[in-house]
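Whenever a hint applies, use it, and build me the whole structure from the sequences.
There are 2 protein chains.
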Amino acid sequence: MNAEIITIGDELLIGQVVDTNSAFLADALSHAGLDVSRITTVPDRRDDILSTLKEASQRARLILITGGLGPTKDDITKEALAVFFEDHLVQNNQVLEHIGHRMSERGIEMNPLNVMQAEVLSSCEVLHNELGTAPGMWMESNGRVYVSMPGVPHEMIRIFTEEALPRIKTHFGGDAIVHRVLLVTGVPESALSLQLESWEQALPPHIRLAYLPSLGMIRLRLTAHGKNEETLEGELDALVEAARPLLGRHLVGEHQGSLEELVGKMLTELNATLSLAESCSGGGLSRKITSVPGSSQYFKGGIIAYDNLFKVRMLRVGRQNLLRHGAVSAPVVEEMARGIRCRMKTDFSVATSGIAGPGGGTPEKPVGTVWIAVDSKWGTVSRCFRMFDGRERVMERTVTAALGMLLGEIARSTE
Amino acid sequence: MNAEIITIGDELLIGQVVDTNSAFLADALSHAGLDVSRITTVPDRRDDILSTLKEASQRARLILITGGLGPTKDDITKEALAVFFEDHLVQNNQVLEHIGHRMSERGIEMNPLNVMQAEVLSSCEVLHNELGTAPGMWMESNGRVYVSMPGVPHEMIRIFTEEALPRIKTHFGGDAIVHRVLLVTGVPESALSLQLESWEQALPPHIRLAYLPSLGMIRLRLTAHGKNEETLEGELDALVEAARPLLGRHLVGEHQGSLEELVGKMLTELNATLSLAESCSGGGLSRKITSVPGSSQYFKGGIIAYDNLFKVRMLRVGRQNLLRHGAVSAPVVEEMARGIRCRMKTDFSVATSGIAGPGGGTPEKPVGTVWIAVDSKWGTVSRCFRMFDGRERVMERTVTAALGMLLGEIARSTE
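Here the protein sequences come in this chain order: U and Y. Throughout the first sequence, residue numbering follows my numbering, covering 1371 to 1785 in sequence. Throughout the second sequence, residue numbering follows my numbering, covering 1371 to 1785 in sequence.
Hints should not be assumed to be uniformly reliable.
If several chains are the same, the list does not tell them apart, and a pair holds so long as it fits within one copy or across any two.
In silico DMTMM-like cross-links for lysine to aspartate or glutamate, where the CA-CA straight-line distance does not exceed 25 Å [what the hints assert, rightly or not]:
{"id": "1", "residue 1": "K1735", "residue 2": "E1525"}
{"id": "2", "residue 1": "K1539", "residue 2": "E1510"}
{"id": "3", "residue 1": "K1597", "residue 2": "E1495"}
{"id": "4", "residue 1": "K1424", "residue 2": "D1405"}
{"id": "5", "residue 1": "K1735", "residue 2": "E1475"}
{"id": "6", "residue 1": "K1735", "residue 2": "E1479"}
Please keep in mind that the hints were generated in silico from the structure rather than gathered at the bench.
Listed below in structure tokens is the structure:
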């Protein structure tokens, strides 16, 4: 069963706003077993909206539409939908009441533009917008379902999750879809592809494999379609087991989310804590760790020791080591990791020190040289990386590599 | 002149990746005076790619294509382009050499999949991919231009900026476009609009003004279209000079780049230093500051005080204040800013403390409540913000607001 997404709004076509709605909807539909086969972004222009609706109707059975429902003149989605369905707009009293309630709650007078927001297609089923004034609409026509929602992300997410998705599941039923994601580090995509060649060629047609590379790591995603979810789970389990020996130590774990979520999950399971001492990653590692909801349970804090004096004072790094080996060295990065873990009394700590560039490189330690250390009660491990492609990439890759090393040490601690 | 963007990749249609490439390209084209009229996202399937190319060719004169150029089997954009242009793939020796060089630099063996990445359409002009192995391609057919680029954002951005955009400007010629951006803080958009009313009304029709508000700051962007770039520069210079007295102390500076670059520029000019104490921004502020090359000259370091005990121990925040007012309060965030500045002996410091969510909110301090303080020898200023749309947005917006407040204080110190 094919679905399409249409996002409407001039702001998307001048790049003022990044379209995050499509990714949210695509993710939610794909988890519900529906394939999104196209996403189209069009401006707030009637002809563009109409032609896109027409084209999508020829290909898909479910069409999700976001945007263009605001109170101002440039929002014309409702008008275009009325033309498309040969329908007209009628005032909905429940919606009007909800709008009035929201306005009075905020001490704002109702104006004619607000009243117009209570107008919906006469043939639609209204989808309640708890967090805003523009209602969602559910339309059925020629065996197809159309869902119109506002473009404001948190309003759309609430309407979709609570109003649209349950109706979609009931309406379409359909295949089960099961995903597995393997996180792989330390091997380039092309080499990985060769390593997995025969395994990949033996995949049955209802199971697809995708390589999703990001900095310093590759996600291997298996997607199985079928009638029975349990059977699919079993098939994927067997495939993952068969892949394990092929991936060896490059396999970090099996996880659908991000590395930092996996760190959080593993630390929470162990009831363990974490602290950080960052130099060349400049706060990027802390930022990733704290992006996970609930991270305050295991992340105690960190230090960004950009200045050497700061390394000495706050992390008890020895001046001798700094002078003899330089800040970007195994002895210093290990002292940083031990220093912060001792200071913060955490179970694990990570330290980074490197030359992000563009300045600061030497023939022995060129730009992109990065040392990373992980400290725990099982000892300190450190590793040197050579990273490329400019300051931003070096900083980002340092974060990914540090998360990878940390995951490895957490995993080792449970063996 | 209409342009369209086609982004290709299964990962976009299951929502695993948010399409940031489209917004980047749409923004860049709109700055160059080209209108994007549609963005289409399709899976790595030949028929979908071909039909989308066909449709876009009927509407647009410039078609930008990203994605599907990786070394693995699921990437089929090149193959689809060959069918579309009735062309074939040939090995390009310069590209092959570049790939070989990148691989040997990293100590990786070349394999047959890498060699295949050096294949390009026989009729294309190769666009060099400095940061990756998949080359960009420039094709012309029936008066239309097609540009194919890899989907990895940093590779795409580099190819587009350095290789594609100059060719697009030459090919489509057209008007000169000149921009000026004024950064304004400490005044709401509506008040600013009144302050500038007569100045704005006197703008000639070929010069447009846009208010681009972000948290804690507004960018005023002037865009001039015309035949002669020099004339336009002169006109904009005069307009900026006329605006200066109207904006007074609210004008932070004139700057096209990022806020963190402007912080770096201003601190360097003043020969001043900076330290940070972050709680709810979780390292994001440090990460932004350190993303600027040369930031080690003015940024000394920072502390991420996630745990309250850490705030007490490292930043000398009073337990009394924590108990009486809570961590998210003016007294605590001001103590954090003073604590880190004193500890690091810097000229400026910034502290953040807030409730990023999803947990931790209360009726008095709901999720999204954020306090930010800036400390310097001229004193401590703090401000409370209310931010929305989930943990990630709250954290991002805290960083932007903190940079805005810091810029305001740096500017005030030079008066």
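Quick rundown of the hints versus the structure:
Taking the shortest Cα distances, K1735 and E1525 sit within 25 Å of each other only across copies (22 Å), while inside one copy they are farther apart (43 Å). For the homomeric pair K1539 and E1510, the shortest alpha-carbon distance inside one copy (15 Å) is at most 25 Å, but the shortest distance between copies (45 Å) is not. Within a single copy, K1597 and E1495 get their C-alpha atoms no closer than 29 Å, and across copies no closer than 48 Å, so neither meets the 25 Å cut-off. Taking CA atoms no more than 25 Å apart as the test, K1424 paired with D1405 passes in both settings, with 19 Å inside one copy and 23 Å between copies.
In the homo-oligomer, the alpha carbons of K1735 and E1475 lie at most 25 Å apart only across protomers (15 Å), although the nearest pairing inside one protomer, at 53 Å, exceeds that limit. Proximity of K1735 to E1479 under the C-alpha cut-off of 25 Å is restricted to the inter-copy arrangement: shortest distance 24 Å between copies versus 57 Å within a copy.
Going down the numbered hints, you'll see the structure goes against just number 3.
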